[in-house]
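Knowing the structure of chain H, use the given hints to seat chain A on it.
2 protein chains.
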Amino acid sequence: MRGGKLVVAEVPEPVPGPGEVLARTLACGICGSDLHMLQRVQRVLAGEEEPDTLFAFDHDADVVMGHEFCAEIVEFGPECAQALPVGQRVVSVPSVPRGDSRAALGYSDELPGGYAELMVLGEANLVPVPDHVSSEEAALTEPMAVGRHAVAMSRLDEGSVATEVPVVIGCGPVGLSVIADLRRRGVERVVAADFSEKRRELASEVGATIVVDPREVAAVDAWRAEVGATAGALDEPPVLMFECVGVPGMIQGMIDAVPRYSQVVVVGVCMQEDVIRPLSAIGKQVNLQFVLGYTPEEFAATLSSIALEELDVGPLITSRVTLDEVPEAFRTLASPDGQAKILVVPERR
Amino acid sequence: MRGGKLVVAEVPEPVPGPGEVLARTLACGICGSDLHMLQRVQRVLAGEEEPDTLFAFDHDADVVMGHEFCAEIVEFGPECAQALPVGQRVVSVPSVPRGDSRAALGYSDELPGGYAELMVLGEANLVPVPDHVSSEEAALTEPMAVGRHAVAMSRLDEGSVATEVPVVIGCGPVGLSVIADLRRRGVERVVAADFSEKRRELASEVGATIVVDPREVAAVDAWRAEVGATAGALDEPPVLMFECVGVPGMIQGMIDAVPRYSQVVVVGVCMQEDVIRPLSAIGKQVNLQFVLGYTPEEFAATLSSIALEELDVGPLITSRVTLDEVPEAFRTLASPDGQAKILVVPERR
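Protein sequence lines, in the order shown, are assigned to chains H and A.
Residue numbers for the first sequence follow our numbering, so the first one is 1 and each next one is one higher.
Residue numbers for the second sequence follow our numbering, so the first one is 1001 and each next one is one higher.
Worth flagging that the hints you see were computed from the coordinates, not collected in a lab.
The beta carbon of each residue, even a glycine, is placed where N, CA and C say it ideally should be.
A few of these clues could be false.
[Unchecked claim] Only part of the chain H face toward chain A is listed, based on derived beta-carbon distances under 10 Å: (1) Pro-248; (2) Glu-273; (3) Val-275.
So here's chain H without its partners, still in its complex pose (with noise of 0.2 Å):
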């Protein structure tokens, strides 16, 4: 990303510091989140917006994005333990403490994201990839941290998983992975909505068991025929929502379309302002959850997962692309109905 284009150019090798590894990329996943990155930076650098609160780096700096990784390990900068090999495939959160902070990988004009060949990663953070699993497989562990995380900080507990019936808006990967991890947690029902034929299926693939167009029938509907509900009725229970869009709007209709009692998790990133009606939310004691990230602990236990086939993420990969074609990839993903995840590639092996 430079001056708000995708551009593909040599930049200079990236460094690593003390307690730091020089990895090769061998596969990364391109994330909505990049998308709408693009997006805001051409609105700074235009004068339309702030910069990001989120993340900060200078607009006008380079900035090689891709926080979806499994790299494998090149070489060691100064002061590393050393404890696994030259050559060892590995993932990490996409952060490298970096004295008093940390780079965020990916949006960072310090270190270089996944969208490179070559990245600089915290040895602390490494995680090593089993032998068996795939490097395709392994760059699924950030995405799909994400959902179990969002999953975590719902209110679904052990006592809960038998019974609930959750109900996830949005089958892109975020989605996807709220679903699929439902499912590893031992939800047997789980309602999905997708206006996207392709994420439908993807959907069904990744466990949902009730999956509805919008268009047809509300999400919350086939809710309530799944569990004998019935709208407004006085002993109507409350649902578990998860909100995977991140469109304006998004949050509070989530909030007119459950009962009493319900928690809307808000996974799906929404970047502008939004309008809600408290009024609503209070009548109907509405528990919203926001939720970002996952913690080391859940990204390491998320490969663990995909190592144990307990989530099987690979109807999730649905394209790759050379490092060459993540322009033209940004360009499909903009209407993404017939793709969940595009992986870049840099250098097939």
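Chain A alone, transformed into the frame defined by chain H:
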């Protein structure tokens, strides 16, 4: 409330139906919601706003407001069990089941609320007032139940009662009832904030241990000083904050103020649309719990707590007025600096 104005007038005596009792009002608190409702009805009648979704009544009909009352039984309608004697003082949730729906006392065009000499109550809802509890204290059951419910819906639990230092924003009757209930639950330290000196005094009287004027110090900074937290530090603990103001902008203000993983319990009722920035809530993984009212169990338990002197409601009663003085009391409460709860006493005894 007649045609969007408060008038003092004779209206037909209400007649108790099956399972209902006629009761004489002894004391009834004026609620901030009544002031909001009067303004709302004026806007609806002026064609500036849609009618309320929470309470449906004919805006052209007479509505006797008042839903925080203590009354005494005058006579029983048909089909009553009559377990309580005539003359027994009672409180009741402000709702009377009628056929398939219920009349919301105070916001009904069918039955009068407590700003009248006579009311009709549902026999099954009656909670007898112990002799040693004054009618004025008993009338505080309803607003105190609001605080009890808000605390019950928060994430405060037995494990965290000893260590949590909750923050209460706004020390009107709602905020005061939250503070009092937090102390009743065993919380040792409560931070409270209000612009009004009188209300800050009341906050101290009901149990707030750190009370601030937001013009001098932000409530969250007072909390940080109390718990030894540093703004933005990685180990900054989350806060449990109660929003008891209910005007546009408060919810985003709370999101901006709190550390990561905090819970904001929205108790203040904001009747207008409101703008939030989801990205900031997402970045902090905030939990927003909207609450309203209380359960019948919480209502009855609140009267018990008043009777057992677990809750001292005396400080909350700042004035008493007659029926004739209600319109003037509404004007006084429009700038409520010196007031908490004004009680309407239809007939002194």
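Consistency of the hints with the structure:
Of the supplied interface hints, the one on H:Pro-248 holds, with its beta-carbon coming within about 8 Å of a beta-carbon of chain A, less than 10 Å. Checking H:Glu-273 against chain A by beta carbon gives a least distance of about 5 Å; that is within 10 Å, so the hint holds. This hint holds: H:Val-275 has a C-beta 6 Å from the nearest C-beta of chain A, less than the 10 Å allowed.
Hint compliance for this structure: no hint is broken.
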